[in-house]
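So the chains spell out like this:
Protein chains: 2
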Amino acid sequence: MEIEFLGTASAVPSKQRNHSSISLKAFGEVILFDCGEGTQKQLTYAHISPMKIEKIFITHFHGDHILGLPGLIQSMGFRGREKPLDVYGPKGVNALFNAIQHIGYFVINFPLNFHEILEEGEVIDNEEYIIECAFADHNVPALAYSITEKKKPRFLREKAIELGVPIGPDFGKLHNGESVIVDGQEITPKMVLGPPRKGRKITYSGDTRPNERIVKLAEDSDILIHESTYDSSDCEKAKDHSHSTSKEAANIAKKANVKQLILTHFSTRYTNTLTIEKEASEVFKNSVVAYDFMKIEL
Amino acid sequence: MEIEFLGTASAVPSKQRNHSSISLKAFGEVILFDCGEGTQKQLTYAHISPMKIEKIFITHFHGDHILGLPGLIQSMGFRGREKPLDVYGPKGVNALFNAIQHIGYFVINFPLNFHEILEEGEVIDNEEYIIECAFADHNVPALAYSITEKKKPRFLREKAIELGVPIGPDFGKLHNGESVIVDGQEITPKMVLGPPRKGRKITYSGDTRPNERIVKLAEDSDILIHESTYDSSDCEKAKDHSHSTSKEAANIAKKANVKQLILTHFSTRYTNTLTIEKEASEVFKNSVVAYDFMKIEL
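Each protein sequence line maps, in turn, to chains A and F.
Just add 1220 to the spot in the first sequence (first one is 1) and you have this note's numbering.
Just add 1220 to the spot in the second sequence (first one is 1) and you have this note's numbering.
Certain hints may be false.
Since the list gives no way to pick one copy over another, a pair counts as held whenever it fits inside one copy or between any two copies.
[What the hints assert, rightly or not] For lysine-lysine, the following DSSO-like pairs were computed, each having C-alpha atoms within a straight-line distance of at most 30 angstroms: (1) K1410 / K1311; (2) K1235 / K1515; (3) K1457 / K1272; (4) K1235 / K1245; (5) K1235 / K1303; (6) K1272 / K1235; (7) K1275 / K1235; (8) K1393 / K1371; (9) K1474 / K1393; (10) K1457 / K1303.
Think of the hints as simulated: they come from the structure by calculation, not from any bench.
The task is simple: from the sequences and hints, build the whole structure.
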C-alpha cells in the first residue's frame, strides 16, 4: 500500500501546495480521495497513470476538492479509456455529474458511474477491502472515509497435512475459502485457518469540525489523515469556517487510538507548518505534516 | 505591455507545460486569453493577482482552454472580489456559464458577465484599445482574437504655440481631443495634432487550421501567437485534429506581415520543440517557441 499526497492546500493553492487530492495504490488499483484542480498534472509529476484510477471518493463539493474532476475525466476519454470509473460522493454527486457533462465539448467512451452516498456505513465490501464512511461536520454535506484491508487468516499448513490434505492446489483453495474433499471427507477452510487478522486501515476526514463520528470511523486506524486548516491561534476561524485546528485533529487521533496522524489542508495564512506540527505532537506524539508528493508506505 | 505565457501545452499537460492561458498586462488591467486547468496556480507562480483580471477571452470550449475558469471564478469570490469580470467566447458561452454555476457550492458576490460572440469583427472598442475577432477553423466553434492599441497622434507643440495656445492645461486638453478657446477663437485638436499613429497589435489564433481569416485579423501585428500543435512530420494528424503545424503557422505569419511569430500549444508527443522552431524559422525568420512563464515586453 502506498499513499501519496497530490495536494495539501486548502481553498487557495500556493507554489508548494496544490488543491486536495490523495492517491492510494493498493490491491492492484489506484483509488483517489478528492480531486482538486490540477490533480491530473500532479499525477503526471507523481508518475501515476490516470488510466489506473478505478475509484474516486469525494468528501464534499467545494471547488478545492472537485475541480480537477472534469479535466481528469476528459483526459481519460481523450486517451481512449475503456474501463469504468466509479465516483462516490455525498448528496449532490448527481448534480455534479450533470454539470461536469456540460463543461465544454468532449467525448466519454467509457462507463462513468457516479454514486450518491446518503447513509453512513459500508460503501464497498469486496474480497480485498471494505470502504466505510461517516458524516463529517462541515458547512455543506460532507463525508469522511475509511478503507480497511481484509487480511486472510494464516493458513495452518501443519494442520492441513495432519488432516491428510495433499500438498498442492488444495492448499490454495482452502486458503481462499473453498472446501476440498480428501479421501471422501470434506475439509473446510475453518479447519485449517488461524483466527481472523486485522488488516491495514486508513481513514481520511475531508473538511470537518472535530466530531465523534470520525473518532468512531477512524478507530484503530494505522493512519488517520485529518484536516488541519488552522493552528490553535485561529481556533475561532476554525469554528466559523467549519474546519479543525491541529490540536483538535490530534485529539481525534488520540481518542480513535490510531497509530499515526497525518495533517493536511493548510491555510495559506501560515508561511510554514512548524506551529501546526508542534501543537499536534504535544497532544498526539506520532503526528506529521503532509506536503505535496509525500509518500507513505504501509 | 507585457505578455506572459501561463500554459503552452495542448490537450495533455506535462511537467513543463500547463494547459493554455496567456496573460496580457496592459492599459492598467490584466486580460486573459483562455484559461486551462491550473491557471489560478500558474497566476500565483507568475505573481499576477487574479483580482486584477478584468476580461477573459476564450477561444473555444475544449477542456484544455476552459477548465481553469470555475476555479478562478470561485477563487475570486472567495477572496471577496467586488469588481465585475467579463468573459467572452464563441457560441456556447452561456451554456458554459450555466455549467460553471452548478459545479459544487460557492458564492459569487461580484458581477460576472458572459458575452456570446456570434459575429466576426469588433468585440470591444474603448478609449485605449480595440479587440477584434475572426472565426478560427477548428472542430468546434472557435475564435481568434486581436488587440490593437489606440495610440494618440503626436501633439505638435510648436504649432500650438504658433496658434497662441498658452503653455499649460490647454495643451493636455487638446492632446486628449478637446477644443479650447484662445482669444475668443476655437482651436480644435485637429489643428495641433499630427497624423494617426499605429499602436501595438497582438493576435492570438487559439486552436485552428491555417486560414485566411486569421491572416486578415493578424495583418501587420507586432506579435502573432499561433498554435503549432504538430511539426510537419505529423501534417496529416494536424489536418485530422483541426490543428496547425509549425510550417503552416509560419506561413500565416508571413502572409500577415507580422513582426514576430510565437508558437504555442504543443503536443506531448515531442520531447523537445527544436524541429518545430527550426521548421517555422525556415519559413518565417522571426519565429520563437513559447514556454510556460515566458514574458514578452512590447
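Which numbered hints turn out to be false for this structure?
1 and 9
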